[in-house]
Amino acid sequence: MRSPVPLLGAQTVALGLAMAFLVVPASSILLSTYGAGALPFTYMAVAVAGVVVSWLMTRAQRRWSLARVTLIVLGTYTAIVTAAWLALSLADATWVTFPLIVLFPLAIPIGFVLVGTQAGRLLDVRVMKASFPRVVAGFSVGFAVGGLAAASLVGPLGGPEPLLAFGALVGLCFMAIAAHTARRYPAELAVPPEPPGPVGSRGADRAAVISTRAMLGNRLVVLVFGYQILSAIVTQLLDFMVWERSAARYPDPADLARFLGLFGALINVVSVLFVALVAGRLLTRFGVRLGLAANPGGVLVLLVVSAAVGFVAGPASTAFFVLVCAQQVTDISLTDGTTRTSINATYQALPPALRVATQTRVEGIGVPLAVGFTGAFLLVMDALDLGVVTLVVITLALTVVWLSLARAAYAGYGANLRTTLTRRAWDPVALRLDEASRAAVQGLIEDGDPRDLRLGLEVLADADDPTLPDLVRSLVGDPDPARRAAAVAASGRAAGTGVDPGWVPGLLVPLLEDPDARVRTAAEIALAQAGGPPARSAATRRWADALAGGDPDQQRTALEGAVAIPDPAYAPSLVALASGAEPPEGLLDALAANADSLVPRTQAALDGTSELPWPATRRLVGALGTSGSPGARAALVRHLGGPEPRVADAVLDGLVAGGPLPPGEHAPVREAVQEEVQRSARVLAALAVLDGHTHVARGLRDEAARSRRRTIGLFGLLHDPTALTRTVGMLGVVEGDRPLALETLEVTVGRGALPTALALLDPVPDEAARLAQLAALVTVPQPPDARAALLDLVEDPDGSWRDPWLQACALHALAGDDPQRARVAATRLVGVQDAVTAETVAWVLGIGEGRGRAVPGRESPGPTLGDL
Amino acid sequence: MLLTIERVALLRRVDLFSQTPDRVLAGVAQVLEEVEVPAGAMVMAAGAVEDWLFVVADGELEVRRGEHRATIPAGAVVGELAVLDPQPRTADVVARTPALLFRLRKAAFDEVMATRPEVAQGVVRELVRRLRERMEPSRAPSGTELPGTEPPAAER
Numbered sequence: 001m002r003s004p005v006p007l008l009g010a011q012t013v014a015l016g017l018a019m020a021f022l023v024v025p026a027s028s029i030l031l032s033t034y035g036a037g038a039l040p041f042t043y044m045a046v047a048v049a050g051v052v053v054s055w056l057m058t059r060a061q062r063r064w065s066l067a068r069v070t071l072i073v074l075g076t077y078t079a080i081v082t083a084a085w086l087a088l089s090l091a092d093a094t095w096v097t098f099p100l101i102v103l104f105p106l107a108i109p110i111g112f113v114l115v116g117t118q119a120g121r122l123l124d125v126r127v128m129k130a131s132f133p134r135v136v137a138g139f140s141v142g143f144a145v146g147g148l149a150a151a152s153l154v155g156p157l158g159g160p161e162p163l164l165a166f167g168a169l170v171g172l173c174f175m176a177i178a179a180h181t182a183r184r185y186p187a188e189l190a191v192p193p194e195p196p197g198p199v200g201s202r203g204a205d206r207a208a209v210i211s212t213r214a215m216l217g218n219r220l221v222v223l224v225f226g227y228q229i230l231s232a233i234v235t236q237l238l239d240f241m242v243w244e245r246s247a248a249r250y251p252d253p254a255d256l257a258r259f260l261g262l263f264g265a266l267i268n269v270v271s272v273l274f275v276a277l278v279a280g281r282l283l284t285r286f287g288v289r290l291g292l293a294a295n296p297g298g299v300l301v302l303l304v305v306s307a308a309v310g311f312v313a314g315p316a317s318t319a320f321f322v323l324v325c326a327q328q329v330t331d332i333s334l335t336d337g338t339t340r341t342s343i344n345a346t347y348q349a350l351p352p353a354l355r356v357a358t359q360t361r362v363e364g365i366g367v368p369l370a371v372g373f374t375g376a377f378l379l380v381m382d383a384l385d386l387g388v389v390t391l392v393v394i395t396l397a398l399t400v401v402w403l404s405l406a407r408a409a410y411a412g413y414g415a416n417l418r419t420t421l422t423r424r425a426w427d428p429v430a431l432r433l434d435e436a437s438r439a440a441v442q443g444l445i446e447d448g449d450p451r452d453l454r455l456g457l458e459v460l461a462d463a464d465d466p467t468l469p470d471l472v473r474s475l476v477g478d479p480d481p482a483r484r485a486a487a488v489a490a491s492g493r494a495a496g497t498g499v500d501p502g503w504v505p506g507l508l509v510p511l512l513e514d515p516d517a518r519v520r521t522a523a524e525i526a527l528a529q530a531g532g533p534p535a536r537s538a539a540t541r542r543w544a545d546a547l548a549g550g551d552p553d554q555q556r557t558a559l560e561g562a563v564a565i566p567d568p569a570y571a572p573s574l575v576a577l578a579s580g581a582e583p584p585e586g587l588l589d590a591l592a593a594n595a596d597s598l599v600p601r602t603q604a605a606l607d608g609t610s611e612l613p614w615p616a617t618r619r620l621v622g623a624l625g626t627s628g629s630p631g632a633r634a635a636l637v638r639h640l641g642g643p644e645p646r647v648a649d650a651v652l653d654g655l656v657a658g659g660p661l662p663p664g665e666h667a668p669v670r671e672a673v674q675e676e677v678q679r680s681a682r683v684l685a686a687l688a689v690l691d692g693h694t695h696v697a698r699g700l701r702d703e704a705a706r707s708r709r710r711t712i713g714l715f716g717l718l719h720d721p722t723a724l725t726r727t728v729g730m731l732g733v734v735e736g737d738r739p740l741a742l743e744t745l746e747v748t749v750g751r752g753a754l755p756t757a758l759a760l761l762d763p764v765p766d767e768a769a770r771l772a773q774l775a776a777l778v779t780v781p782q783p784p785d786a787r788a789a790l791l792d793l794v795e796d797p798d799g800s801w802r803d804p805w806l807q808a809c810a811l812h813a814l815a816g817d818d819p820q821r822a823r824v825a826a827t828r829l830v831g832v833q834d835a836v837t838a839e840t841v842a843w844v845l846g847i848g849e850g851r852g853r854a855v856p857g858r859e860s861p862g863p864t865l866g867d868l
Numbered sequence: 001m002l003l004t005i006e007r008v009a010l011l012r013r014v015d016l017f018s019q020t021p022d023r024v025l026a027g028v029a030q031v032l033e034e035v036e037v038p039a040g041a042m043v044m045a046a047g048a049v050e051d052w053l054f055v056v057a058d059g060e061l062e063v064r065r066g067e068h069r070a071t072i073p074a075g076a077v078v079g080e081l082a083v084l085d086p087q088p089r090t091a092d093v094v095a096r097t098p099a100l101l102f103r104l105r106k107a108a109f110d111e112v113m114a115t116r117p118e119v120a121q122g123v124v125r126e127l128v129r130r131l132r133e134r135m136e137p138s139r140a141p142s143g144t145e146l147p148g149t150e151p152p153a154a155e156r
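Residue numbers (our numbering), protein chains in the order written: chain A, 1 to 868; chain B, 1 to 156.
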């Protein structure tokens with residue numbers, strides 16, 4: 001199937017041509033006949049007509065197919081223009097230019113809606129993002145060509161009126177292209193819409209009213225709304241200034257038409273060049289912040305100069321006229337190049353439902369009303385006989401407000417973007433027991449599955465429901481031990497929440513003799529929770545003894561008890577259990593529940609001052625990280641940048657699992673990020689000369705990957721890990737989502753940290769490009785050749801590598817490159833603690849059992865078992 | 001005996017470990033046992049309950065179950081399902097050529113799986129591949145009919 005893009009592009013070209021052949025004759029005749037004083041009335045008419053047309057379009061789209069709506073709209077347009085031409089040509093009815101000028105600002109957005117809707121149905125998202133900007137650019141091309149043609153034809157044709165005939169002809173061509181498009185894609189364009197829903201759809205209207213209220217309750221929505229309204233007002237005022245000054249400068253309609261045609265072409269050519277060559281780079285470099293501020297900022301500068309020139313040289317001067325024209329060229333170029341993209345990006349920061357509602361109301365109602373307001377304002381200006389220079393000053397003041405809104409909108413955009421990205425599909429909250437959910441809870445309790453029963457009982461316990469005691473009473477005699485255990489556990493939960501546990505002991509004491517171990521355990525714990533301090537203390541002592549004992553059943557009970565009632569007395573036994581090869585079930589939960597009492601032992605293990613085996617240390621670190629205890633997490637933060645990689649990684653993994661750190665703990669994290677920058681730079685610099693040494697290169701790449709993982713974790717401790725992880729994932733998508741991902745990364749980590757984040761996290765650059773990025777951040781020692789790099793890894797003179805694995809790989813490789821130097825280096829490493837390094841040292845020196853099968857020589861790309 | 005570095009290089013060629021960093025594989029490599037077998041030697045016997053897997057570092061093995069034969073080339077793993085779920089071997093595995101094998105016992109394998117999710121993912125991938133080959137025998141690699149030592153479900 002041939003691409004529909006050329007047909008869509010042809011439609012926008014036709015739209016641009018049609019608009020040029022509409023606005024040039026209509027404006028020149030209107031201004032020459034009635035003067036610029038007629039323009040405010042057209043603006044007010046635009047406001048009313050805009051709302052009416054928007055309503056009509058909505059109804060038409062609900063009733064007819066897109067193809068039919070398009071042809072009706074284009075047919076109506078062509079008929080209006082034809083009728084106007086005939087009226088002007090035959091009856092000199094210059095008043096028809098009034099509705100034509102009203103038609104002009106409405107026809108452009110309607111035309112884009114029709115083409116855009118067709119594109120939405122014919123193109124998938126990827127093609128849309130890639131091709132639709134080119135389709136849109138067709139309008140500028142068409143308008144530029146039309147403007148030049150109009151300027152050229154006005155003389156030979158004897159005036160601007162015949163240009164309307166060309167406009168009608170272009171309208172017919174537009175209809176033909178649209179009809180051809182619909183014939184080629186009937187399934188997408190010629191199918192009537194679904195019939196409207198039943199009476200219940202009134203609920204949708206009600207929802208729309210509600211969403212308007214909700215819409216205005218969102219600060220970002222109000223800011224964007226205000227920004228767009230002010231943008232529309234300033235644009236209209238700038239447009240008025242151009243027409244007013246050009247009408248004063250070119251009283252002859254033919255001269256005026258010639259000027260407006262050329263000026264229209266100039267505007268569109270500059271806009272296309274700006275969008276194609278400059279805007280994208282500006283937005284990529286400076287983001288939405290510049291995108292929102294550029295338009296008001298650029299216009300503001302010119303308004304200041306215009307005001308000065310206007311006061312000094314007067315409004316009739318050529319310099320003032322040029323500046324007024326430059327204002328509009330700047331405004332339209334920046335609107336097309338930066339504002340539209342940035343506003344669309346800002347909308348992304350809103351939740352989807354709010355986004356659609358805001359866009360619809362801004363573009364459907366807000367902008368037309370802004371244009372109408374401008375018309376009324378200009379009438380007041382005219383009545384007060386305030387000249388165009390005063391208008392420049394007033395526009396300048398409005399632009400200052402517009403610029404302020406740009407800054408505020410950017411600040412709101414950042415906050416909303418983070419919130420929108422981190423909004424989870426669900427958030428774990430306590431289940432609330434209301435009338436609607438009570439039936440569901442009852443269903444859970446009556447269900448045969450003990451897990452459902454447990455959940456139902458937990459809900460009742462958390463809600464302090466008065467039916468819980470009777471329910472538990474009925475369940476403690478249940479023949480199913482799992483159901484009995486669930487009932488007992490719920491009792492303990494109710495007691496643990498501080499609710500009056502008076503009914504618990506009487507029910508549960510008999511269950512201490514229950515034949516089922518789970519029931520006995522649950523009863524013991526629930527009684528301890530309900531029994532007050534003496535019972536808790538006795539239970540704690542009992543469980544501490546059980547943890548140290550060897551009975552697995554008692555240990556299991558004690559571990560559950562340790563979770564329910566944490567106590568420092570458990571610490572030595574918990575650490576001993578964590579040191580085992582296979583930790584008992586429930587140990588990790590018990591460790592996390594008692595994290596605060598385990599901090600000293602964990603710190604001693606991380607400091608290397610205790611003999612705790614590594615599996616135990618890892619488990620303790622994991623427990624402290626996920627415990628949620630601020631003290632426990634703060635204890636871990638000190639070890640983020642420890643010398644031993646596995647310790648540093650375990651600490652980081654443990655902390656990341658517990659979520660972001662409070663601002664007071666950020667300093668060590670930022671130091672750790674800087675260490676990753678240094679390390680990554682050294683790794684990449686070594687890789688640049690060691691790529692041919694397979695083992696070492698692979699080890700270095702593993703290290704680079706490790707550094708990237710650590711950086712994600714570290715930034716996740718500083719900012720929101722969910723947003724960060726999603727954003728980093730989006731960075732890998734080169735087209736489409738990448739610009740938004742870059743924007744989001746900047747909003748998340750801040751402009752100052754963005755270069756660091758990109759250098760370490762962006763998956764797109766290759767190793768050489770990444771090294772260049774890192775070299776801009778830190779001083780990178782560049783080894784001159786492979787031998788120097790290998791020696792640096794082996795000898796590690798400044799202790800910056802501290803990596804036994806890379807050391808061993810480098811020594812192995814050096815033995816192939818330079819056996820003599822390798823022997824010297826190996827001699828210095830005799831007695832090293834790391835087993836792999838020691839083995840490699842022995843192999844190089846050719847002593848003991850360290851002799852490997854591979855013969856010291858040039859390192860081959862793969863194992864050389866066959867080359868013995 | 002191979003150096004740890006060389007063992008790691010061999011382990012990286014195995015799908016199960018291809019995503020695991022070398023320094024982690026070094027830990028695995030240090031607990032591997034090198035086993036050299038001559039051609040024709042029985043590596044695994046049907047009915048034996050064992051809790052280890054073999055990585056074929058060099059040479060070829062052959063799985064024999066009745067009339068069916070399957071070749072295990074260098075770089076492959078055999079017996080990993082028994083490490084996950086120790087059950088009696090259901091096929092004989094014999095060395096077709098002189099072979100160098102790495103034996104990895106259950107305890108070490110469990111530790112690696114617990115700490116390195118990439119290895120667990122590799123196991124899942126291997127299980128899925130085996131399942132697909134059983135369900136669609138035409139997809140089995142040429143020269144093999146019943147890869148692995150697991151019996152079809154219908155035979156249990």
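To be clear, the hints were calculated from the coordinates, so they are not data collected in a lab. Since we're looking at a predicted model, the values are computed, not measured. The reader is advised that the hints may include incorrect statements.
[As the list claims (entries may be wrong)] Have a look at the derived ranges for each label pair, beta carbon to beta carbon:
1) E767(A) with T71(B): 34 to 42 Å
2) G116(A) with E118(B): 32 to 40 Å
3) Q87(B) with P534(A): 47 to 55 Å
4) T609(A) with R132(B): 48 to 56 Å
5) Q87(B) with G120(A): 52 to 60 Å
6) V35(B) with V764(A): 43 to 51 Å
7) Q820(A) with V35(B): 33 to 41 Å
8) S18(B) with R541(A): 45 to 53 Å
9) P584(A) with K106(B): 16 to 24 Å
10) R132(B) with R670(A): 42 to 50 Å
[Unchecked claim] Sample of chain B residues facing chain A (criterion: CB under 7 Å; computed from the structure):
11) L3
12) T4
13) I5
14) P21
15) R23
16) G59
17) E60
Backbone N, C-alpha and C fix where the C-beta goes; we use that ideal spot for every residue, glycine too.
Here is how each hint holds up against the structure:
1. E767(A) with T71(B): 34 to 42 Å: Hint holds: Cβ distance 39 Å, inside 34 to 42 Å.
2. G116(A) with E118(B): 32 to 40 Å: violated, 45 Å
3. Q87(B) with P534(A): 47 to 55 Å: holds, 52 Å
4. T609(A) with R132(B): 48 to 56 Å: Given a distance of about 53 Å, which is inside 48 to 56 Å, the answer is holds.
5. Q87(B) with G120(A): 52 to 60 Å: holds, 57 Å
6. V35(B) with V764(A): 43 to 51 Å: Cβ of V35(B) to Cβ of V764(A): about 45 Å, so the range 43 to 51 Å holds.
7. Q820(A) with V35(B): 33 to 41 Å: holds, 36 Å
8. S18(B) with R541(A): 45 to 53 Å: holds, 52 Å
9. P584(A) with K106(B): 16 to 24 Å: holds, 19 Å
10. R132(B) with R670(A): 42 to 50 Å: holds, 48 Å
11. L3: L3(B) check passes; min Cβ-Cβ to chain A is 4 Å, inside 7 Å.
12. T4: At 5 Å from the nearest chain A Cβ, T4(B) passes the 7 Å test, so the hint holds.
13. I5: holds, 5 Å
14. P21: holds, 4 Å
15. R23: holds, 4 Å
16. G59: With a closest approach of 9 Å, the G59(B) hint is violated.
17. E60: violated, 13 Å
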